[in-house]
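A.B. asks: Spelled out from the first residue to the last, the chains are:
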Amino acid sequence: MRQGLKVFGELLVTLLFIFGLVFGISVLFHPEWLGIPNWPIRLSSQIVAAAGYTLIPGFLLWLMTKLIVSKNITELIYFYFGRKYKNIESTVNKFTILQIDKEKNSRRYIPAVFIETIDVKERLRYFTEPFKFYPKVVDIAKRDIGKSLFITTLHQIHYPIDEIYFPKLGNKNNLNLKCELACEALDEYSDMVNIVGEKAGRLKEEHLERIPNDKKHIYTYHYVNLEFFSSYERVKEEAKKNFKLLSDNVALITGRAGHGKTNLICNFTENFLLKKGKLCLYFTGRDFNQMEENETIEEAISRIVFSETDFKFSDILNLTRLDNNHDFLFIVIDGLNEHTNLIQFALSLEQLIQRCNDKNVMIILTCRSEYYEERFGKLSKLSNLSILPMEGFGIELSETHQDYLIEQYFQHFKIPLDLGSISGHVIEVFSEDKLMLRFFCEAYEGVDNLPAIHDIYRFAVFENYLKKKAEAIEGLFESLTEIIRYMVSNSRFSNIHLQDLSEETQAVIENAIYENVIVRKDLVKVPGIALGNQEVVNFVYDEFREYLLASHLVIDWHHDNLLARTEIERLVQATFPIAEGLQRYLCSWSIENQDNNLLDLLSQFDLFESVFIEIIFQVPDELITGTFLEILRNFFWQSNINARKIIIALIYRCNPEFFPNLNIGFLFEQISIMNGDQYLDLIQTGLVPILSFETTPMNSICNAFIIAFQNNRINDESRSNILRLFLSLSGIEDTKWLDRYDDLDRYPAMKTIELIKGYYSNKEFISILKECQSTIQVESVKEAIGNLLDQYGG
Amino acid sequence: MKFISLPDDKFVFRMNKKYSKKQFLKKCDVNKGTFGEIFALEIYNKMFEDAIDVIAEYKKYYSDEYDSIQEFLFWRYCIPFETLDEIFSESGRSSYIGIFSDYSLHLEEENEFSRAFKDLFEKLGKR
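Heads up: the sequence lines are chains A and B, in that order.
Here the first sequence is numbered in the numbering used here, starting from 319 and rising by one per residue.
Here the second sequence is numbered in the numbering used here, starting from 30 and rising by one per residue.
Mixed in with the good hints, there may be bad ones.
In silico lysine-lysine, DSSO-like type, Cα no more than 27 Å apart, as pairs [claimed, not checked]:
| hint | chain 1 | residue 1 | chain 2 | residue 2 |
| --- | --- | --- | --- | --- |
| 1 | A | 486 | B | 88 |
| 2 | A | 450 | B | 89 |
| 3 | A | 486 | B | 47 |
| 4 | A | 496 | A | 486 |
| 5 | A | 460 | B | 152 |
| 6 | A | 533 | B | 50 |
| 7 | B | 89 | A | 486 |
Some residues of chain A that are not near chain B, with every Cβ distance over 12 Å (derived) [to be verified]:
| hint | residue |
| --- | --- |
| 8 | 642 |
| 9 | 719 |
| 10 | 720 |
| 11 | 722 |
| 12 | 753 |
| 13 | 995 |
| 14 | 1018 |
I should point out that these hints are in silico values taken from the structure, not numbers from a laboratory.
This one's a predicted model, so the numbers in the text were calculated from it and none came from an experiment.
For glycine and all other residues, C-beta sits at the position ideal for the given N, C-alpha and C.
Work the whole structure out from these sequences, hints included.
C.D. replies: Written out as structure tokens, the structure reads:
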């Protein structure tokens, strides 16, 4: 009704305007009107009569044509004057809002932790609003082509090339044609710039002549870059994909489990489609599980969305035709692979896409990569479909977003911490391992008195996580036990066939899969059997699986020690993918529980050295006793590889208040009893390996601290130890420093000291220098400190 | 007038207007045919031809999705909120914010080029 009134109002204003215009012109060009009695009324009636004679037949003709062409006069009347389409619009919107809320409640979509850096969201924008984004796609194509190494080189050598021309978008109806023409323009431009001869990077003779003589010398310097024609081809292909996307009406996002497809699509639906008032319907693959035989997806949609049987899918399509505010109906289906009958669903989907080809419908789908290839692969043959893979280059987070993500996770899971109360090392762990961040947050959700976190104790995190999940999901503990038992007895640690598990466990898996962090279902091929794909179960996080396996063996260790010994000896063989992880958690458990017998058993295995060095830094500091420090000391002196690992772990422990037992003092202690040869073998060669190219562990340490100082991430308690650390490393010489990308010196520690000196008072600086000079015996270090003392007036 | 280096050799800057080539060269006060002119033109191309005019981009494509330009710059260009506060700290109308990337521009280093660049930028800031 409101829309009808709006149109009527606009029409009235236009008519009044035309009337005024004609009235004015008549008076202006025929002033004799002014002499006629009652002239305004007579002139007005003349204008109205003339307009009536001209317009009424035209209007009637237009109305007749409109009614005959649309053949839908009733719907038109319903739309302008009835409630039917208002009801449909509001039901569709309410349905989608409700669906998104459901995803939020199940924690499949956590809006607070959604980070949108990936290109996929941008490309979804192009797909959804092609008319609006066409100029942007053109702009990006021009910019990227201009920046490609090949075209830049052509400009550098002054080879005359024209700019690429893309057609302008006139009206909405010719979008597809213009996109096709844009792709043709890209191909034609390729032919034009493909001027390199057979000899790598050299121009063909006839093209060489086109470079001005006074610029030919530039060509001799830059011609090698002309070898990289692929730099142009890559951006050309990318641009063609974007133009195709603008003209397609199905977009399919593929990606591996846990890569954030659901988060992305829910965010896009909520903050783009709904926010912009688009007409959209959101479903998951599971929503179509109850489809009846011979039921189409359109019928299923009508059944799911409308409780009133008199509304149909076609009514929503009518709405897009009648309402100028809704160009399209957007159908979003997340997780095609979640449907229980994939073969039938794939067929129904294909039919839906084909039927919607000439309708105002845009379809956005998401699917796990491996399921897509196996079960929905036929879709890729459809010419109007674009695939948007959510993997590979471009999905890494920037540092800005990483920090933001951690804070958002903490806020969402009510963890009373912020970036200031977790150490740089923990930030690094969370940034590199998002699953650990999720496990940590779920494990400590709502815990009020959480102290500052200086290190991640994985054993404790998993223990808390499992306890919470077991309380929330009935039968989880028993099911996980069954899966782990199966793994141990069959020496099979991944792709566990569902049919090998009990019905109860299968039911629990179905339940837990939806949450998507503990276990997931995958599709694997059964060798030798045609069409033999089977659904299997895997742990989402390998570390969690290894923790569970270790816990299982620890229980056996107490009940049947002999059996457990045999099992451990068998499972830690290097041939098993779980060998290292299992040893790490067993080692962690034995240190935390002071079980020297288990540690003795583990020490017999090859990986013990590296496992122990890693794990000793992952157990709470108060549990590290003298015995463990002695083992670590032995390992330190055994090889420069061990020394390097220990030093890198110790640099995060410069504050002895947080780590009273194992801190950077351990390193100072070792260096203080070293002679020059030992320093060269363990420290110099450990931190600047002979075969190192772009950078060295030493340079990474230096750069990490320089940045930490610049970003004010160094606390007062650590400052003096950091200076002691670099003084202890000041004897390290990097003879290949000129070949590296770092801006450090031949003596990287000395350069670092120079850069961070401003953060110390002169008194403090000199006092630490003198202290180190007296405790360290290594000549090269003593000399370096002596030079610093001379330089800074000590 | 702000010019800030971002990670990955990106730069963001804010100006009170978008200069034409003629205005820019005049402001730089360089003589025709000199190295100074070549240098200024190179900088002009970076800042006004190659750079993305983010205010225009925001208004044209993203203003109905993001509530503020700061939010847009945070999400689309990964600019931390602290840096954005710095960019927007100066009052007054900012009609041009540009972002460009250049791996060869080491402005944090003290050398002839970075000094010349900073001088030039200072000149642009003066009315």
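A.B. asks: Can the restraint linking residue 486 of chain A and residue 88 of chain B be considered satisfied, given a maximum Cα separation of 27 Å?
C.D. replies: holds (20 Å)
A.B. asks: If I take the minimum Cβ distance from residue 722 of chain A to any residue of chain B, is it greater than 12 Å?
C.D. replies: For residue 722 of chain A, whose nearest Cβ neighbour in chain B is about 8 Å away, the distance does not exceed 12 Å, so it is violated.
A.B. asks: Is it the case that residue 753 of chain A keeps its Cβ farther than 12 Å from each residue Cβ in chain B?
C.D. replies: holds (22 Å)
A.B. asks: Measure nothing beyond the straight line between the CA atoms of residue 533 of chain A and residue 50 of chain B; if it is 27 Å or shorter, mark the hint as holding.
C.D. replies: Measuring from Cα to Cα gives roughly 25 Å; hence the hint holds.
A.B. asks: For residue 719 of chain A, which was marked as not at the interface, is the minimum beta-carbon distance to chain B over 12 Å?
C.D. replies: violated (6 Å)
A.B. asks: According to the definition I'm using, a residue is off the interface if its beta carbon is farther than 12 Å from all beta carbons of the partner; does residue 642 of chain A meet that for chain B?
C.D. replies: holds (17 Å)
A.B. asks: Given the hint that residue 460 of chain A pairs with residue 152 of chain B, test it: the Cα-Cα distance must not exceed 27 Å.
C.D. replies: violated (31 Å)
A.B. asks: Would you say residue 995 of chain A is clear of chain B, with no C-beta pair closer than or equal to 12 Å?
C.D. replies: Per Cβ check, residue 995 of chain A is outside 12 Å of chain B; nearest 38 Å; holds.
A.B. asks: For residue 486 of chain A and residue 47 of chain B, compute the direct alpha-carbon distance and say whether it is at most 27 Å.
C.D. replies: Cα-Cα ~25 Å, so holds.
A.B. asks: Quickly compare the C-alpha distance for residue 496 of chain A and residue 486 of chain A to 27 Å and report which way the hint goes.
C.D. replies: holds (7 Å)
A.B. asks: Hey, residue 89 of chain B versus residue 486 of chain A, does the alpha-carbon distance stay inside 27 Å?
C.D. replies: It holds: about 17 Å lies between the C-alpha atoms, which stays within 27 Å.
A.B. asks: Does the claim that residue 1018 of chain A lies off the interface hold, with its Cβ farther than 12 Å from every Cβ of chain B?
C.D. replies: Holds: least Cβ distance 17 Å, greater than 12 Å.
Figure legend: structure checked against the earlier numbered hints; hints not met, in rising order: 5, 9, 10 and 11.
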